[in-house]
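Participant: Spelled out from the first residue to the last, the chains are:
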Amino acid sequence: MKSAVILFPGINRENDAIAALKQATGTEPTLVWHGDTELPKTDIIMVPGGFSYGDYLRCGAMAAKSPIMRAVAERAKQGVTTIGVCNGFQILTEAGLLPGALMRNASLKFICKNTHLKVENAETRFTNLYGAGEIVEYPVAHHDGNYFADSDTLDRLEGEGRVVLRYCDVDGKVDPATNLNGSQRNIAGIINEAGNVLGMMPHPENAIDPLHGGTDGRNLFKSMVEAAS
Amino acid sequence: MKARVHVTLKNGVLDPQGKAVHHALQGLGFDGVNDVRQGKFIELELDGTDAAKAEAEVKEMCEKLLANTVIEDYSIELA
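Those sequence lines, one after another, are chains A and B. Each number in this note's numbering corresponds to the 1-based position in the first sequence with 194 added. Each number in this note's numbering corresponds to the 1-based position in the second sequence with 647 added.
Hints may contain errors.
Derived Cβ-Cβ restraints for the label pairs, each shown as a range [said to hold, decoys possible]:
| id | chain 1 | residue 1 | chain 2 | residue 2 | range |
| --- | --- | --- | --- | --- | --- |
| 1 | B | GLY665 | A | PRO234 | 37 to 47 Å |
| 2 | A | ASN209 | B | MET708 | 50 to 60 Å |
| 3 | A | GLU420 | B | GLU724 | 48 to 58 Å |
| 4 | A | ALA300 | B | LEU712 | 39 to 49 Å |
| 5 | B | LYS657 | A | LEU302 | 14 to 24 Å |
| 6 | A | GLU317 | B | ASP720 | 29 to 39 Å |
| 7 | B | LYS649 | A | TYR250 | 18 to 28 Å |
| 8 | A | ASN308 | B | THR696 | 51 to 61 Å |
| 9 | B | ALA667 | A | GLY366 | 27 to 37 Å |
| 10 | B | GLU724 | A | TYR250 | 29 to 39 Å |
| 11 | B | PHE677 | A | GLU232 | 52 to 62 Å |
| 12 | B | GLY674 | A | GLU387 | 45 to 55 Å |
The calculated SDA-like cross-link candidates involving lysine to any residue, where the alpha carbons are at most 25 Å apart (straight line), are [stated by the list, open to error]:
| id | chain 1 | residue 1 | chain 2 | residue 2 |
| --- | --- | --- | --- | --- |
| 13 | B | LYS649 | A | TYR250 |
| 14 | B | LYS687 | A | LEU251 |
| 15 | A | LYS367 | A | ASN308 |
| 16 | A | LYS416 | A | LEU348 |
| 17 | B | LYS706 | A | ARG264 |
| 18 | B | LYS657 | A | GLY290 |
| 19 | B | LYS657 | A | PHE304 |
| 20 | A | LYS259 | B | LEU672 |
| 21 | B | LYS711 | B | ASN681 |
Which chain A residues face chain B? A few, computed with CB under 7 Å, are given here [what the hints assert, rightly or not]:
| id | residue |
| --- | --- |
| 22 | ILE212 |
| 23 | ARG252 |
| 24 | ALA295 |
| 25 | ARG298 |
| 26 | ALA300 |
| 27 | PHE342 |
By construction, these hints were calculated from the structure, which means they are not laboratory data. Quantities reported herein were computed from a predicted structural model and do not represent experimental measurements. Think of the CB as a built atom: it goes at the ideal place given N, C-alpha and C, for glycine as much as any other residue.
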């Protein structure tokens with residue numbers, strides 16, 4: 195089982211991504227630099243969190259146009275499991291691999307805390323070890339996680355079961371009061387039409403060890419590995 | 648030739664930064680402001696003198712990088 199982590203200047207969560215992938219796959223992921231044009235043979239691609247290019251212009255805009263992203267788009271099109279977390283989600287939307295955009299949090303504040311999420315679709319290759327509607331707890335750390343798409347796109351995402359995670363409270367209540375950052379319809383994570391690309395703002399890679407305060411994120415990585423093997 | 652590009656959030660897209668600025672202006676006593684929308688201004692120094700060609704090229708730049716047309720509109724002014 196091979197995995198690759200894409201590294202852009204300003205990314206700072208690559209070691210967390212590596213730790214989670216290593217735990218789930220049993221092998222060391224390959225780090226791939228943004229200026230490279232080729233990806234090694236890999237079963238999983240992870241675009242980690244951070245502040246690529248200092249969030250200049252728009253979060254993820256520069257990274258989305260870097261040479262390696264052409265190779266990532268190509269592999270994603272071929273069906274390789276691809277996950278973007280936080281800045282990685284922003285990069286995947288800017289690259290056109292996922293619909294919508296991530297805007298400044300409605301509160302205008304950087305939000306760094308644990309949040310509850312509802313697994314809305316437990317039949318994806320990222321979530322099939324969770325129960326349908328299961329409530330999980332992951333940390334979030336972002337300033338621009340406010341998911342926006344026009345209502346037609348949102349309806350399509352909902353209709354096709356592509357809303358994978360929603361912000362909620364400990365009891366799974368999804369409403370404006372539990373909407374962490376102003377995202378349309380409390381959306382925290384979505385998949386592409388083919389189901390092999392996931393973008394999410396919360397950090398499952400920071401919920402894989404009891405020392406993190408919880409291990410709810412492990413099953414996300416395990417799901418990916420099982421689906422890819 | 649210079650191109651000036653304005654990038655603004657589309658109508659209907661909530662602008663929390665504009666709202667905060669509006670709020671701050673009200674706090675300063677500027678009561679006559681009905682709404683604030685915040686955007687970006689990008690100035691480009693271009694080769695060549697063909698305005699039509701320049702405009703087409705800047706439009707492509709906006710579509711590919713300078714604006715995110717999911718949430719933003721842009722306008723181009725050549726000088």
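Participant: Could you check the structure against the hints above and give me the numbers of any it violates, in ascending order?
Facilitator: 2, 4, 10, 16, 20, 21 and 22
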